Amino acid sequence: MKYLDEYRDPAAARRTLAAIRALVTRPWTVMEVCGGQTHAILKYGLDQLLPSEVTLLHGPGCPVCVTPAAKIDRAIALASRPEVILCSFGDMLRVPGSTTDLLSAKAAGADVRVVYSPLDALELARREPGREVVFFAVGFETTAPGNAMAAYLARRDGVSNFSLLVSHVLVPPALEAILSADGARVQGFLAAGHVCAVTGAAEYAPVARRHRVPIVITGFEPLDLLMGLHMCLAQLEQGRAEVENQYARVVRDQGNPAALQLLHQVFEVVDREWRGIGVIPASGLGLRRPYDEYDAERRFGLETLASPGEPAACQSGLVLQGRLKPSECAAFGRECTPEHPLGATMVSSEGACAAYFLHRPPPPNARDARGSGGQAPSREP
Amino acid sequence: MCLAIPGKIVSIAGDDPFTRTARVSFEGVIKEVSLAYLPDARVDEYVVVHAGFALSRVDEAEAREVFEYLAAIAPEEGEGPEEPR
Ligand code: SF4
Chain V
1 MKYLDEYRDP AAARRTLAAI RALVTRPWTV MEVCGGQTHA ILKYGLDQLL PSEVTLLHGP
61 GCPVCVTPAA KIDRAIALAS RPEVILCSFG DMLRVPGSTT DLLSAKAAGA DVRVVYSPLD
121 ALELARREPG REVVFFAVGF ETTAPGNAMA AYLARRDGVS NFSLLVSHVL VPPALEAILS
181 ADGARVQGFL AAGHVCAVTG AAEYAPVARR HRVPIVITGF EPLDLLMGLH MCLAQLEQGR
241 AEVENQYARV VRDQGNPAAL QLLHQVFEVV DREWRGIGVI PASGLGLRRP YDEYDAERRF
301 GLETLASPGE PAACQSGLVL QGRLKPSECA AFGRECTPEH PLGATMVSSE GACAAYFLHR
361 PPPPNARDAR GSGGQAPSRE P
Chain S
382 MCLAIPGKIV SIAGDDPFTR TARVSFEGVI KEVSLAYLPD ARVDEYVVVH AGFALSRVDE
442 AEAREVFEYL AAIAPEEGEG PEEPR
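In order, the protein sequences belong to chains V and S. Heads up: the first sequence runs through residues 1 to 381, numbered per the working numbering. Heads up: the second sequence runs through residues 382 to 466, numbered per the working numbering.
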């Protein structure tokens with residue numbers, strides 16, 4: 001087993017789709033939480049193969065997309081200091097802040113470096129004791145354990161020229177916010193399997209109970225997604241609202257105890273601003289004492305740095321909450337393309353707008369309208 | 382930063398439980414990852430990795446459950462005459 005091709009078998013997918021068609025008697029709306037799942041759904045065209053009763057909404061699970069412009073502004077402010085080396089995952093570099101992005105700052109001379117792991121940034125700090133190395137710590141519960149480890153090792157080994165610009169977010173409070181919003185349409189969730197590999201399933205039970213929504217922890221391959229959907233739709237048809245685990249080959253009930261232990265030792269739950277959505281209470285992680293001495297915003301006095309806010313044209317906040325499909329955004333494929341992104345959801349390889357652009361490209365004539373100047377874009381059919 | 386595919390451990394190095402590493406093959410592309418959060422992972426096992434950390438091993442027995450579930454809801458001979466829409 002390689003745990004890949006087996007889960008991409010087209011004949012099994014067709015049979016599962018037939019089982020879903022046989023199961024569904026009414027319209028249902030289900031949200032897949034993770035951007036990786038969104039990409040797989042669009043890549044394999046699963047949404048177009050489902051019975052018309054089933055609507056898939058795409059969720060907020062793209063770490064790059066939910067990092068607010070104000071945080072990017074702070075990253076740019078840090079990177080522009082001569083003593084600072086700013087380390088980041090590559091995906092963050094083209095995300096627009098209020099006025100510019102990290103890639104432009106780099107072109108203008110800022111020392112911005114792409115790393116694959118926070119430990120690479122820590123290693124750089126050890127090698128460059130005369131510089132201040134700041135790691136841009138973004139992401140959900142999947143990246144938090146690694147960033148916790150970087151802070152832990154920095155403190156253990158006395159690496160004092162290392163710090164973290166933290167913008168960590170948590171999935172369950174985002175699901176709460178989506179369900180509590182006016183006009184919420186989501187009736188069931190496919191939860192992000194890898195997030196649950198860290199956290200386990202326990203945090204989802206209160207959400208399922210309170211809002212009476214089934215939540216199925218789901219993997220990323222086509223058969224995983226179809227099986228997760230079948231499980232979720234079966235619950236909806238039967239009037240159940242439980243947490244189930246489709247992705248048991250990776251997700252244990254208790255999550256990863258070693259990762260959770262260090263995560264809670266280093267981080268505490270804080271209110272967090274989400275891009276395009278606003279502040280969600282108790283929805284993020286911040287460094288707790290004594291690790292807060294590795295907080296870059298504190299170390300460099302950035303807590304009060306004002307930001308003009310996000311570019312107005314982009315509606316990614318609605319996209320991230322499943323309230324607008326990327327193709328329904330007037331700028332999609334016209335003013336906004338991966339080469340000229342207006343919003344983070346078009347930049348990120350996990351973003352929903354990028355997924356639509358890649359797998360459901362707008363008609364070419366729509367794209368030609370870009371640059372021909374002043375033409376009012378007509379809405380897609 | 383979120384890699385959806387599992388990789389196979391080809392070798393393990395180091396004694397410090399906080400800095401042990403593994404070389405992991407993702408369809409032939411080798412990455413060095415931290416094993417701090419999967420202390421008992423072994424060579425040849427498949428793991429899920431995020432931002433340089435192995436976070437979960439793939440359980441072989443559970444991996445087959447998917448096919449058992451699918452066989453129960455959609456048996457092979459039971460395939461209907463319907464065309465996929
Ligand atoms: S298509 Fe572009 S402008 Fe529209 S929501 Fe997506 S990122 Fe924002």
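No wet-lab data here; the hints were simulated from the structure. On a predicted model such as this, the values are computed, not experimentally measured, just so you know. Ideal Cβ positions, reconstructed from N, Cα and C, are used throughout, including at glycine. Heads up, a few of these hints could be off.
[Said to hold, decoys possible] Residues from chain S that face chain V, not an exhaustive set, calculated with beta carbons under 10 Å:
#  : residue
1  : S392
2  : I393
3  : G395
4  : D396
5  : E408
6  : I411
7  : R423
8  : V424
9  : G433
10 : E446
Next item on the list: Tell me, in ascending order, the numbers of any earlier hints that this structure violates.
Entry: 1, 2, 3, 4, 6, 7, 8
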